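Asker: With these hints in hand, go ahead and build the complete structure from the sequences.
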Amino acid sequence: MAEITVTVDGVSYVDNVEPRLLLVHYLREVVGKTGTPIGCDTSNCGACTVLMDGASVKSCAVLAVQADGTQITTIEGMANGELHPLQRAFHEEHALQCGYCTPGMIMAATDLLKENPHPSDQEIRDGLEGNLCRCTGYENIVRAVRRAAEAGVSE
Amino acid sequence: MTAQTEKHEAPAAELGKARLRKEDARLITGQTNWTDNITLPGMLHIAFLRSPYAHARITSVDVSAARGEPGVIAAYSGADFADEQGSLPCAWPVTPDIVIPAHPPMATDEVRYVGEAVACVVARDRYAAADALSAIEIDYEPLPPVLDIRTALDDGSPKVHEAGNKSYEWVLANGDLDAAFRDAHVVLERNYRQQRLIPSAMEPRAVVCSCVGDEFTLWSATQIPHILRFLLAVVTGIPEQDIRVIAPDVGGGFGSKLQVTAEEVLAVLIARRLHRPVKWTESRSEGNMTVHHGRDQWQRIRIAADSDGKIRGLSVDLLADMGAYLMLVTPGVPLLGAFMYNSIYKMDAYSFRCTGVFTTKMPTDAYRGAGRPEATFAIERIMDELAAELGIEPLELRERNWIKHEEFPYNSISGLTYDSGNYEAATAKARELFRYDELRAEQERRRASGDPVQLGIGISTYTEMCGLAPSRVLGSLAYGAGGWEHASIRMLPTGKVEVVTGSSAHGQGHETAWSQIVADQLGVPFEDVRVLHGDTQISPKGMDTYGSRSLTVGGMALVGACDKVIAKAKTIASAMLEAPPEEVEFEAGVFKARNGSGASKTIQEIALATFAAHELPDGVEPSLDSDATYDPDNFSFPHGTHLCATEVDTETGMVTIRSYVAVDDIGKVVNPLIVDGQVHGGIAQGIAQALYEEAVYDDAGNLLTTTLADYLVPSAADLPSYVTSRTETPSGNRLGVKGVGEAGTIASTPAVVNAIVDALRPLGIRDITMPCTPERVWRAIQTAQGAQQASPAEQHAARQSDQTQGNSPQGMVTESGDAQTGGTA
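Top line first, the protein sequences correspond to chains A and B.
So the first sequence is numbered by the numbering used here: it starts at 1 and just counts up by one.
So the second sequence is numbered by the numbering used here: it starts at 1 and just counts up by one.
Simulated from the structure, these hints should not be mistaken for laboratory data.
Predicted model, so just to flag it, every value in this text is computed and none were measured.
Even for Gly, the Cβ is constructed at its ideal location relative to N, Cα and C.
Check before you lean on any hint, since a few could be wrong.
[As the list claims (entries may be wrong)] Calculated from the model, a selection of chain B residues having no Cβ within reach of chain A, i.e. all distances over 10 Å: (1) Ala25; (2) Asp83; (3) Ala102; (4) Pro142; (5) Pro144; (6) Arg182; (7) Tyr479; (8) Val620; (9) Glu647; (10) Gln678; (11) Gln782.
[What the hints assert, rightly or not] Stretch-level coverage of chain B by chain A, calculated; a stretch enters the list once three of its residues show a Cβ under 8 Å from a Cβ in chain A: (12) 246-254; (13) 438-448; (14) 680-694; (15) 698-709; (16) 719-731.
Answerer: So, in structure tokens, the structure goes:
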């Protein structure tokens, strides 16, 4: 077992974990942050995307011990009294149906807009290539990210 | 009681309003309740050991060593459940002599597909359970796999089951087919491949089961909590009243969660044995192997037409891969297409035959569209071929054959009554939005200039039957249940409304759309309605969600329940207003006396008065709550015209969708935002079949596409933007609504493939087998270009091979030898 200190959505946690424990299982089953779902086991779908020190990572492809000393932001830490502009944009553009990919999409889009505050539609599509959605056909996800960008989410 | 009731202004009509969804609040903030999120005190985790062989006899299995592994509480093999596990159900015995093999949830003596469960470990956490699987000792005697339905019926083929590899043969015929084909000007025959697909809902399957005393609660990522409860009782013998099934937030289904799974049954049995809650969550790799697959058919379609393009007859012969067993509706899926090959067209004769064949692969079952995408693909592909053969513009050919709007209601050749439609209007709108004539002109220019990137235009004018389904029709097709839906309305004392629906949503937005319908019917604010579903204790009755049925059946049940609430409230309002019931009118939530007194009562005031029950008329029950069960008298028939423009790079085989226009007619629209979302996602799934997805087994029966790196569910970067629009021809039901959930998937696949073939037709290419990967397109081009430089005889031979060499359904039984592929008589 290894002791790790991880800050998740602004709260610091100290835990002893198996070295093989995946970050996503740590978040879901140790910290209780079940807002981050698991969609695959090969880091293809992106459903489990979170921010690690501000950069998006697929939390199924990170070990909990690798997150030692980092700041993790999950979908549950995005709303700060009111919805994050990306959350609002996803709602207003109907960019989710079943909602399973949505946490990962919003976290990936957060990182995308940080790197490129005013992406073209094609840049949005390319930037979210690592996140799969089976419901929306992506049309409204692109619109939502565009709307959040226009609202200046990253500024 | 004298509580004040808030006076409400009459709300504006909700039908047609783009309401933002109520369900989003929890989904965008991570406050979700997926089955895998559920943790119960003392809960144990199940891991399954699965067969590495497509076909083998289990010669020995020993789980005892696994029981000693750290954290392990129990380990079982199939023999441990042999007396209690029953057989997984098939609810659709499509013919009297259908072969339905026993399907034990855990294999006991023989395995018939890679991934079939053979043993399991139950442990304190999921890691320990997975670790201990390696301690199970199991030996197999491999048996020959059966992988190709085109040869599975040959004499001497290895058998999947003792009874042989044929499950059933089902036929439908109307009109004199021989006469239609005998002296036809043109007869075309084509063989199309519907590749095997993996539905790929983003949420993997998950099950939690608790057994307290003799009461079972099963949480499952399922589309069908009600059907599952009923069938768990039938399979396990546990009394139905002792089982509660909950479908919490469910992350998509697309038919894949319309199933009674081995893992659900085994979770119940293990919870009963251990008297502790148990959980199983699949990995994606496990799921790709063991969630039922979709499609997998060989289609032989023949069409006979006059020189002016008028269709005389159509003949369809299918081989359908059942996989290793018949699951919930496995044999019926291809037959849903039987009624749809004739599509929107008039003809004199039609015949359909489907042979269901067993293989040592994962069973197939419902996948978005279920039978209808296959039918639409084949007819829309061959309509383009017919157009090319006769030199008729393909939209013009369709118009010469389709049912005119003034001909509705129309009795189709396959025996359905289409209640409404306007194919002219939808097509005209699509043409305009697509700039059809401009694109045709551009295509001509690029063909003339020999542009290495050719432009193709693909057409799909579709209809489909959805809103499953009139119970009498299901009965006539030997389906094991009815097609009704149930709804309850509960009027709360404060005037708010609880709506209970038997249609359990998993992304479709029922909580929003149902609120809109009820708000309109009862004249209450949208915000005052709460929709409950997905728990058999809260919603005891229902037929669940699939087949684009929720709105056309479940929505109409809501209307029926609202009618009853209003009737009850009217009796009470009549007493309060001191006017006879026939003198009381109800509009926009307000009961008014027509006696000139101007007196009125809102439905909320009536709800409070009913709750108090102080001054109800004699014999009037103190409740407005009402139930309704609605059985539709017909299917609904959405239709539309989808147009797709592709750029095909003849040097690389790369296909790029340049524009996609969908004009759908789904009747009255409750929520255009939700409808557009359904259409977008449906189109994406159809494009995915056309271009990207295929479940591939190797020669030993191993699934090669077990991950999302191998099975190409497209990303945002792989898909185009869509232009969607609508025409509105109301259906025959009171709301005027049709289904929309599957329309996009049904329409889009042939639109895309038609566009690719259209781009390459000058090269002599007449088909490319799906998925149309760059390699397949490139190879087709190479073959065709080789043929064009060859002698006329070689060109003819190349055309006969049709770029689908090796893919024609050899072994398919054909009714006659009169195929005139590509020829004119």
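Asker: State for each hint whether it applies.
Answerer: Here's how the hints hold up against the structure:
1. For Ala25 (chain B), the condition that its CB be more than 10 Å from all CB atoms of chain A is violated, with the nearest at approximately 8 Å.
2. No Cβ of chain A approaches the Cβ of Asp83 (chain B) within 10 Å, the least distance being about 34 Å, so the stated non-interface status holds.
3. The claim that Ala102 (chain B) lies off the interface holds: its Cβ sits roughly 32 Å from the closest Cβ of chain A, which is beyond the 10 Å cut-off.
4. Chain A leaves Pro142 (chain B) outside its interface by the beta-carbon criterion, the shortest separation being 27 Å against a cut-off of 10 Å.
5. For Pro144 (chain B), the non-interface assignment is confirmed: its Cβ lies about 31 Å from the closest Cβ of chain A, beyond the 10 Å cut-off.
6. Distance check for Arg182 (chain B) against chain A: the nearest CB is about 46 Å away, which clears 10 Å, and the non-interface claim stands.
7. Remark: the non-interface label on Tyr479 (chain B) is consistent with the geometry, its nearest Cβ contact in chain A lying 27 Å away (cut-off 10 Å).
8. Here Val620 (chain B) stays apart from chain A, with its beta-carbon at least about 43 Å from theirs, past the 10 Å limit.
9. With a cut of 10 Å on Cβ distances, Glu647 (chain B) stays outside the contact zone with chain A, its closest approach being about 15 Å.
10. For Gln678 (chain B), the requirement that its beta carbon stay farther than 10 Å from each beta carbon of chain A is not met, with the minimum near 8 Å.
11. The claim that Gln782 (chain B) is not at the interface with chain A holds, since no C-beta of that chain comes within 10 Å of its own (minimum 30 Å).
12. Restraint check on the stretch 246-254 of chain B versus chain A: 5 residues with Cβ-Cβ distances below 8 Å, three needed, restraint holds.
13. Residue count for the stretch 438-448 of chain B with a Cβ under 8 Å from a Cβ of chain A: 0. That is fewer than the three needed, and the coverage hint is violated.
14. Counting residues of the stretch 680-694 of chain B whose beta carbon lies closer than 8 Å to any beta carbon of chain A gives 6, which meets the minimum of three for the stated coverage.
15. Coverage of the stretch 698-709 of chain B by chain A holds. Counting CB-CB distances below 8 Å, 3 residues qualify, and the rule asks for three or more.
16. As drawn, the stretch 719-731 of chain B meets chain A at 3 residues by the rule of a beta-carbon pair under 8 Å; at three or more, the given contact holds.
Going through the hint list in order, the structure does not satisfy hints 1, 10 and 13.
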